[in-house]
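Each chain, letter by letter, is given below.
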Amino acid sequence: WRVGEGWDVHALVPGRPLVLGGVTIPFDKGLLGHSDADALLHAITDALLGAAGLGDIGTWFPDHDERWRGADSARLLDEAAAQVRARGWQPVNVDATVVAQAPRLAPHRAAMQARIAATLALPPEAVNVKAKTAERLGPVGQGLAIEARAVVLLQRG
Amino acid sequence: WRVGEGWDVHALVPGRPLVLGGVTIPFDKGLLGHSDADALLHAITDALLGAAGLGDIGTWFPDHDERWRGADSARLLDEAAAQVRARGWQPVNVDATVVAQAPRLAPHRAAMQARIAATLALPPEAVNVKAKTAERLGPVGQGLAIEARAVVLLQRG
Amino acid sequence: WRVGEGWDVHALVPGRPLVLGGVTIPFDKGLLGHSDADALLHAITDALLGAAGLGDIGTWFPDHDERWRGADSARLLDEAAAQVRARGWQPVNVDATVVAQAPRLAPHRAAMQARIAATLALPPEAVNVKAKTAERLGPVGQGLAIEARAVVLLQRG
Ligand SMILES: [Mg+2]
Ligand SMILES: [Mg+2]
Ligand SMILES: [Mg+2]
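Chains as they are written, first to last, in full-length UniProt numbering: chain F, 244 to 400; chain Z, 244 to 400; chain R, 244 to 400.
If we strip away everything but chain F, and leave its shape as in the complex, we get (with noise of 0.2 Å):
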């Protein structure tokens, strides 16, 4: 059994799609990044590649890289679970939360987790999306960035 952790965020900017899980969530800004910049899939991303001591997104994916410009964080998701499973690791389950001011995320968890889960392969049950707010509190509660923070959890096999 392994254990991995995984953080990120990005800044709210006009002009940008807003992606989240894999999702496009309807939001007058989106997040700033080399990719789409889903802070959500970049964590898990990182929490599995972590828990596999593989390093982290940065190595895998970097931002410099022509490839991965406007990517759908999904395909990084699943590269790096393919790297993951390579070395004889199945993941488990991945507990994530995403704190965001605004716009509300919990109509939009349950299709997170699918998509989540349909990039992994693992049953829906073993996939979770939280939703917070910032309460207002520092750059994400002033509306200025999207935080999100994943655990993931890999046995052998």
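These aren't lab readings, by the way, just hints derived from the structure by calculation. Errors might be hidden in some of the hints.
Footprint (simulated), chain F over chain R, 3 or more residues, beta carbon under 8 Å [as the list claims (entries may be wrong)]:
1) 336-349
2) 379-393
Here are some of the chain F residues that sit facing chain Z, going by a computed Cβ distance under 10 Å [to be verified]:
3) Trp244
4) Val335
5) Pro366
6) Pro367
7) Leu380
8) Gly381
9) Gly384
10) Arg392
11) Leu396
Here a beta-carbon is modelled for each residue, glycine too, at the ideal position from N, C-alpha and C.
Go by the hints and put chains Z and R with the ligands onto chain F.
Coordinates of chains Z and R with the ligands only, in the frame set by chain F:
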């Protein structure tokens, strides 16, 4: 086995009791929220629900629900643990950190651990609460808020 | 099996060496604290102690204790691991993230992992360090601090 994580923050304001880990702590401010705003119990509740794939605290205990106004968050934790057990999962251990610039929480760690262990029907050594400051950085470091984070391990049985 | 988590932050100030993961990193600032202020080793130490139900780093290594002034935090980690093993627990793996706006930590990841693995007597692949920026957000993003988070898995034996 399943792993879960939780995170919470609440603003520190005058005129409210400070309740953390189910323990009332003498201080001239308290945490703002719909329930007693016990950030530590909320983080642990989210970690439990998350590990079991049961969503999040906001789903189970909506903050517009009159039942939870001013509620002792130990009731929420107890109810979440019952839901987790009803799905065949047993909590194995809980580890958490409370981040507060003031007051000093170290003297209250043991009482918090005992209250959480009793609520979860866990042996005392299976619940651990750590206390830190934020080194005067950010909203927590400026004394405007208190933050908590938690991880939980579950097993079948 | 037991899971633990740790988090730490220290302010970045001129006139101090920058030590992270037990590795001295060339930079014009360093972390402020009583010991060497190695936020990464502190987060891992807290995660180890937390998983084993042994309290927190502040309980074991009080920051008013002259023994730990300017101390190499690898000594604290080593002592925490000894306490964990003395209770019959073995560390299985460690996964951690360091968040710093500067300097670039990726070139130092391998050295940090090696130092941590050696301190914990773990195989190299059981220790993983990830590096991120805070996307210019908050105190870490403004270059005023460095933050670290960690999870640890323990087993009996
Ligand atoms: Mg990212
Ligand atoms: Mg709360
Ligand atoms: Mg420290």
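Against the structure, the hints come out as follows:
Counting residues of the region 336-349 of chain R whose CB lies closer than 8 Å to any CB of chain F gives 6, so the stated coverage by that chain holds, three being the minimum. With 6 residues having a beta carbon nearer than 8 Å to a beta carbon of chain F, the region 379-393 of chain R meets the requirement of three or more and the stated coverage holds. For tryptophan 244 of chain F, the suggested interface contact is upheld, since its CB lies about 6 Å from the closest CB of chain Z, less than 10 Å. Against a cut-off of 10 Å between C-beta atoms, the interface hint on valine 335 of chain F holds, since the closest Cβ of chain Z lies about 7 Å away.
For the restraint placing proline 366 of chain F at the interface with chain Z, the shortest Cβ-Cβ distance is roughly 9 Å, inside the 10 Å limit, so the hint holds. The beta carbon of proline 367 of chain F is positioned within 10 Å of a beta carbon in chain Z (closest approach about 8 Å), and the interface hint is therefore held. Below 10 Å, beta-carbon pairs count as interface contacts, and leucine 380 of chain F has one with chain Z at about 4 Å; its hint therefore holds. Interface hint at glycine 381 of chain F: satisfied, since its Cβ lies 5 Å from the closest Cβ of chain Z, which is below the 10 Å cut-off.
Taking 10 Å as the C-beta contact cut-off toward chain Z, the hint placing glycine 384 of chain F at the interface holds, the least distance being around 8 Å. Because the closest C-beta pair between arginine 392 of chain F and chain Z is about 6 Å apart, less than 10 Å, the hint holds. Given hint, leucine 396 of chain F at the interface with chain Z, holds; its Cβ is 4 Å from that chain's nearest Cβ, closer than 10 Å.
Taken one by one, the earlier hints all hold for this structure without exception.
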